[in-house]
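Protein chains in written order, with the numbering used here: chain H, 1 to 308; chain Y, 1 to 334; chain A, 1 to 432; chain S, 1 to 249.
Take the hints with a grain of salt, since some may be wrong.
Derived CB-CB ranges, DEER-like [claimed, not checked]:
no.: 1; chain 1: S; residue 1: G63; chain 2: H; residue 2: Y85; range: 56 to 62 Å
no.: 2; chain 1: Y; residue 1: A330; chain 2: H; residue 2: G119; range: 42 to 48 Å
no.: 3; chain 1: H; residue 1: G5; chain 2: Y; residue 2: R117; range: 54 to 60 Å
Think about it this way: if two alpha-carbon atoms lie no more than 30 Å apart in a straight line, the pair counts; the simulated DSS-like pairs of lysine-lysine are [claimed, not checked]:
no.: 4; chain 1: Y; residue 1: K155; chain 2: A; residue 2: K27
no.: 5; chain 1: A; residue 1: K110; chain 2: Y; residue 2: K155
no.: 6; chain 1: A; residue 1: K356; chain 2: A; residue 2: K27
no.: 7; chain 1: Y; residue 1: K15; chain 2: S; residue 2: K115
no.: 8; chain 1: H; residue 1: K133; chain 2: A; residue 2: K271
no.: 9; chain 1: H; residue 1: K299; chain 2: Y; residue 2: K222
Since the hints were derived computationally from the structure, they do not count as laboratory data.
The beta-carbon is built from N, C-alpha and C at its ideal position, and this holds for glycine as well.
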Amino acid sequence: MEDLGIQVLKSVVSGLLMGLVFALVALGLTVIFGVMDIVNFAHGEFLMIGMYTTLLTSPLLGIDPVLTLPLAGLVGAALGVLSYYGLIRFLLRGPMIAQLFGTFGLMLFLRNLALLTMGSEPRILHKGWLVGKSFIVGPGVVLESTKLAAAVLSIVSFALVWWLINRTKVGRALTATSLDAEGARYMGISTQKMNALAWAVGGASVAIAGGLLVNFWPVEPGVGLLFTMIAFATVALGGFGSVRGAFVAGVLIGLIVNIPPIWDAMLRMIDAAGLADLQIHSFKYTMVYAIYFLIMVIKPQGLFGWKQ
Amino acid sequence: MEAVKNAFDFADMPKSELTIAGLGMAFLLLFPVLPHSSFAMATMIQFLMFSLYGMGWNLIGGYGGQVDLGKAQYVGIGAYTTAVMMIRWDVPFWISTPIGLALAVGWSFIIGYPLFRLKGHYFAIATIATSLVLKDLFEVWDFVGGARGLELPLKGDFPNWLYLQFREDYYYFYILLGLFVLGLLVVNGFRHSRLGYQLRAIKDNEDVAKSLGIDAHWSKIKAYALATAYVAVVGSFHACYNFNIEPEDIMSLDLSVLIAMMAMLGGAGSMWGPIIGASILVPMKSYLGDWLGGQAGLAGLDLLLYGGIIMFIAAAQPRGVYGIVEAVRARRRK
Amino acid sequence: MRKVAIFAAIAVLAVCLMPAMAPAAPKEIKIGVIYPLTGPAAAAGRELRAGAELAAKIANSAMDGIDMTMAKNAGIKSLGGAKLKLIFKDHQGNPQLGADLAKKLILDEKVVGILGCYYSSVTKTVSAVCERYGVPMINGTSTSPTLTKRGFKWFWRTTPHDKWFTKDLFELLVGLTKGKVKGVKAVPKAEIQKLAAACEKTEWGSNVSIEIKNFAKEYGFDLVANILYAAKSPDLSSEVQSMIAAKPGAMLFASYTSDALLMIKTLKSMKAKPKLIWGQDAGFDKPEFIALGDDIDGILTRSVFLPSVVKIKPLAGQVNKLYVKKMGHDLDGASARAFTGLQAWVYVLEKAGSTKPKAIQAAANTISIPGKQLVVPWFGIKFATKGDEIGQNVLGSGLIGQYQKKGDKMTLQVVYPFDMATDDMIFPFKGY
Amino acid sequence: MALLAVNQVSKHFGGLVANHEVSFDLYEGDVLGLIGPNGAGKTTLFNCIAGFYPLTHGSVTFGGKDITNLKDFQIARLGLARTFQIFQASGDLTVAENVMVGSFMRTRSRSLARKSAEGCLDFLGIADTGGAMMTELPVAAQKRVALATALASDPKLMLLDEVGAGLNPSEIEGLIEILKRIHSERSISLLLTEHVLEMVMAMSHRVIVLESGKKIAEGEPAEVVKDPEVVKAYLGDHFVKRREEDGDA
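The task is simple: from the sequences and hints, build the whole structure.
And the structure:
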């Protein structure tokens, strides 16, 4: 019983951390969708580029990886703006199908550009303030430093974006654009600029996330897809375009993927060896998708969705 | 009977298109006797398979405008039904395939009902989710070999028509070509059917469609089931052709996305679109991959170009390559 | 419309005009080699290609200072000194593409036989093509046990497979309890009685998982956690938590590189303290893994070749020297086995004295290559012709190496088989 | 018996009351006008009748059958067609194909559907546009296509939402002509909402006035315009002022 209690505690802590990481990764995606109803398939590739930026510039500049984060953000923002003016604004004229198609092309392009220039082998950071450190706080409850930093950054970023959207002039302009692009234009708001801004914010936030994550996660050209799928589920579950929704959904997904150890602890407690063959671990992402599907069936707009 | 007449009615197609289609068909019929490399033959078989996948996808994704990114689950159901039935009970291809088709279509009704309550992006992501859930289940289900997959035993005595085992690829080619022609006729019939018109009306404006007595939800489910039939049959064929199936290969997100991409590149919602898309991307994948990756050592350059082309087409003409053709034709008409 | 027509015509022409290659020159024997030269396993592909190329070079020219019969004469002697020509193809990890390439090699390039393909899933489809066409295929690097369970008549495998490797692990564990391991006193069995395994959910990983389960039972160990995890997962903390919570003495893994890296990092962050960590090759012997440095000091990995083998096998040293000259680094498990795979081809052809499939088949089924001819520390090469593993080399054996930090350098020392040990084993693992 | 009976229909959106206890009857052969200022709840009422919105309270019967809980498409199949104020078409279908979709409500056969569609286009005097795409047509023609599509579904009653909006006076005259023919030659009852009062006044046998979601008057057009409450609520200053502006211009 005690084992189970501790395991629940451990899983919740680990789930919260991971959930905040998922939310952080999904933030940019939901901002972009909120403003212009586009799902960016290349989102994970922005993350990958942020990871490589930190990985490569940190030894080059001789500074700690954490200090390169502004640079990663800058690269992400530039890439976002470039993508917007080079591709996305043309896609906006077409139907949703063409938008998915176009950003998928962007994904292939960026991923294979990385493959061509960086090679396929995964790489990791070996040195840094956050690398390889973790803190034990209580019975077996571990806080890994990179995840902790990412979780803090996640909360700060969400608060910042929330503030930006709800409390600033620019934010109101963004909201106006997302509600009614035509109307916003009459009010003297440049839709183009607002969209580009959304891409800059979206790109920067996910690239910074990447720069931070590379302190713990290995990076390879294909790393994006692992996170893209989770980010998609996060954003859709929360309701496309809802910042609050992405936050809640991210944490929810983090908690879901940490259920298996609790299950295992339960099995040990009741000594049900036969059930161990169920392979609960191999279902952890299955559970995410299944729960996503069930919630969508009950609530087709997502948890906090307001846009169709 | 009118359904059959509709399937053979090509009167609404421009003459130029019919001419090209006729030439293309003649080329396909003669291909095995023309001088060709075996790699070209293998590429042609891939082309036919992806054309059929794309035609299926196009029914719901193109004509219905519902972006479906979960077709691989039905490839899996078709392929696994054929493989399991052959391995366990020696059931020939020609019997297991209709059963696989029925299972796939049944499954499509079960998940189609809740799926089509969703719209737009929610729908697209949900199709990915359902496909991944099914794949994960197959990966731990021992009855179908789990992640290890299934290998179809060689029955010997080539050519073996019962189990679709041949030494030479042209047998497979002609079988696929038969399916391809059948598939084209069914698409043509579908275009002219009540469901076809209704589905396009739904894509145009769902509220107007409903006001015209169209049960949008049910129409989408029906078209989805028909799309599933295509994919499942080719899945069954794939199992026999490849002799080995694994969830990672035939139920992956990659395959789902590839199917959708080919159809979209060629032109979603037009009859020739998926075929055009497959005729561009399949040879590109095979030959460019071989030249740039295998020989020049420039890993990734082929897919980089592929991504570039997709971006360009999507930005220039959202209706794909066929959309460009139509735009040119419209300009000439003016 | 016209544009499309032209485009279609060009596409069509491009497809059908791919010229069928001219028939093989008399003094040349073409072997098709299918490896993952690009894609996620491109790094391994480079090693594999270099290994096979080196073997071909040695076979094609007379070389001094290498104690191998194939180095003595230029080309295949029984075929009038015909030279080997390797035709490399890249399957990118895609089984369907692999099968198409095999057809291309067999029908267009008219190869005598095939070598490949590293990934077991690709080897499966390629060997099925070879079986259909009656073309011999030798496989040197795929370790899925199922490959030789199919009763194929045209497929031979030189490398030991995962069942053997897993068995080696359990022999080592038993050896530990009996004090057979170099530099380690007998360990009370209770210390390593409990095992926890995490294997990736793929063809390969799930086979390893099954083998671990079976052998644990056979050797009397308790498998307290047997996890299949989604490969290329963004988070492994739940898996590691479950493993740690089961309090195992040994942790066993089957992972590719990025998962292996994330797994070690996660183990470290959660301060895991098992007595022993073992990896089923793959991700556990890649340069980026070795670059983890102190974190992997004391970790075990199975292999068939480790650079330290040269200490006990002079021939390996001779070949390794050439390899270092070519590539700038030592042979590894992949390149040594690719080398051996092609070497088997040379000896089979020599014995057959013909390029006719039937003759090659007969030669392969009766060949016996002594262990002293090989760079890998095996007893030799001799293929099973009956029983439930037709085509499997019965004289192969695996190694278990341990990462040990010597000064600044991370080395891999052999700890199993016990009589080949190159250094004392570090036990227990120091933990994180 | 009434063809369409609307009983105490209310529709709330959250706290907002869009329709409040609206009742009226429409008899076979009627041409009924539904007027009211912007935001009076005309379109919402249409959506409630046609089943696009679930009702908050009340019931609707059509042809003696309770259709309150039927789905939109089921109601359409009973013979209640509606047109939309804003007609958006992405342009996948030609005009003829659009109209055929209407015909397909009554037949499965493509040849029959085509014949009926051609008849409807001909009836509306736009037979020559059959091959064009919707987006290529001027607004007036688009409106006629929408009418033709509704007509092709062979309804008993047509709900026409702002069918005259965006048309110039001569186009409106033509439209009135057509609607009269639809009413007389095809014997279809009509329920129309309209901003363009001239049109409603010219066509309707009876008029219902909605204001803030409530029915405030019902009667013959000539009577209703005299009703002081209607004048105050709807026509009032606004109407007078607009008249003057038109005069100035």
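So which of those numbered hints doesn't the model satisfy?
-> 3, 4
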